[in-house]
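Just so you know, the protein sequences line up as chains A and B, in that order. Mapping of the first sequence onto the numbering used here: position 21 corresponds to residue 267, and the numbering continues sequentially without gaps. Mapping of the second sequence onto the numbering used here: position 89 corresponds to residue 105, and the numbering continues sequentially without gaps.
Derived from the structure by calculation, the hints contain no laboratory data. Wrong hints could be hidden among the right ones.
[What the hints assert, rightly or not] Which stretches of chain B does chain A cover? Using the computed rule of at least three CB atoms under 8 Å from a CB of chain A, they are:
hint : stretch
1    : 148-161
2    : 193-205
[As the list claims (entries may be wrong)] Distance windows between CB atoms, simulated:
hint : chain 1 : residue 1 : chain 2 : residue 2 : range
3    : B       : 175       : A       : 251       : 50 to 60 Å
4    : A       : 287       : B       : 171       : 44 to 54 Å
5    : B       : 43        : A       : 396       : 36 to 46 Å
6    : B       : 186       : A       : 420       : 40 to 50 Å
7    : B       : 128       : A       : 370       : 20 to 30 Å
8    : A       : 325       : B       : 147       : 42 to 52 Å
9    : A       : 295       : B       : 25        : 26 to 36 Å
10   : A       : 325       : B       : 165       : 35 to 45 Å
11   : B       : 128       : A       : 295       : 16 to 26 Å
Glycine included, C-beta positions come from ideal geometry on N, C-alpha and C.
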Amino acid sequence: MIRLAFTIIAGILLGGVVHLVSVLALPRIATQDAYSRLTPITTLNAVIQLPAADPANTLMPYLDPALAVAVCRYDLSGGPLKLTVPVSQAYTSVSFYTRNELAYYAINDRSAGKKVIELDLMTEAQHSDLPEDEEITAADRLIIDSPSTTGLIVIKALAPEPGLMPQAQATLAASSCSTQVDQPPAKQAEAPRGKR
Amino acid sequence: MRLLFVALVALALAAAVGLGSTWMTTTRGTELGTLTIGAWTARPRTGTVDIDPYSRATITRNGELPIGTGDGIAFSATTDDRKKPLDGRCDVVVSGVTPAARFWTLSLYDNKGRLVANTLQRYGFTSQEIVRGADGGFEIRVASRSRAGNWLPTGGIERYSLMLRLYDTPVGVATRTKRDAPMPQIATVGCP
């Protein structure tokens, strides 16, 4: 009898450990997460529009039918990424997710405060490699540090009425995300800086 | 021999208890970090890096992308104000005011998170297209048959959920009570 009770208690205690481990491991082992679902229909470092949210669209659950959504699946191993999103008339937002769907940054058109949202996305290592030059780190250049090398940028434009959906989609079609072509020169020798 | 048997039983029990509770918490959700106002529930921390492990597991398992905090917040409701589950065959009225936000959208989903097909292709409302009363309040009728005013069709499905998303809003992690975020009422007004 004591043996049976001991077995049950040990089983439940071990079960608690299994539960904690499985909850913590799930984000890493899930095969049907949003990133995996978006991988077949997106290309790397390019803005791809998602199909409109309707009952036939089973890409992701809980899509907002009033939004036009585009995704840029990024990989920063080739260098920092430059993102340009023109602002639509109603509401435009850009959200950043890591490979494991951790929302680490989001900005909307009003907080960007301009007609075009322009962002530079880079890893922390690439950010610290930037030359500390005033021309480059000017105030109008917004730099975001990505905690992971790969991830998702989700661009949303709101269509306040169904008839305005083409306009929202046009906003997304005009946005771009690409690896920076004109790489800022890496940290140069300290000699020129001493003259200032 | 007997010890081996006991150990096997304990391990089998551990696997059943552990994985079973993980399955339960990721399908039903937990009360961790939730903000409940009336029938509406939100998880403000899912859009930040401070997300709790249970919400993270749920999100990756279901393949969702949570709304980032700088973007907005999503409130969902599966029952009316009297805790009666939302039934697509009944008439449900969503009325009142919404918290301060630049835009909001209200949409209807089945219990798997898909939109519900209807001939009108009406899956939700935005704050701009809604018909309002003279005082600025609104009334949305969620019903299977057509209704006057703001009609949101249910397609006659048995269980559904409503999701109210606020975009560009001060409502978020710091919100605690109804006074900060007055949410609309949900009332079942008639069942056939």
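Hint by hint, here is what the structure shows:
1. 148-161: Coverage by chain A is violated for the stretch 148-161 of chain B (0 residues, Cβ < 8 Å).
2. 193-205: violated (count 0)
3. 175(B) <-> 251(A): 50 to 60 Å: violated, 41 Å
4. 287(A) <-> 171(B): 44 to 54 Å: violated, 27 Å
5. 43(B) <-> 396(A): 36 to 46 Å: violated, 28 Å
6. 186(B) <-> 420(A): 40 to 50 Å: Roughly 30 Å apart at Cβ, these two residues miss the hinted range, so it is violated.
7. 128(B) <-> 370(A): 20 to 30 Å: The hinted range 20 to 30 Å is violated for residue 128(B) and residue 370(A), with Cβ atoms some 38 Å apart.
8. 325(A) <-> 147(B): 42 to 52 Å: Check passed, 51 Å falls within 42 to 52 Å.
9. 295(A) <-> 25(B): 26 to 36 Å: violated, 54 Å
10. 325(A) <-> 165(B): 35 to 45 Å: The hinted range 35 to 45 Å is violated for residue 325(A) and residue 165(B), with Cβ atoms some 54 Å apart.
11. 128(B) <-> 295(A): 16 to 26 Å: Check passed, 24 Å falls within 16 to 26 Å.
Comparing the model with each numbered hint stated earlier shows that hints 1, 2, 3, 4, 5, 6, 7, 9, 10 do not hold.
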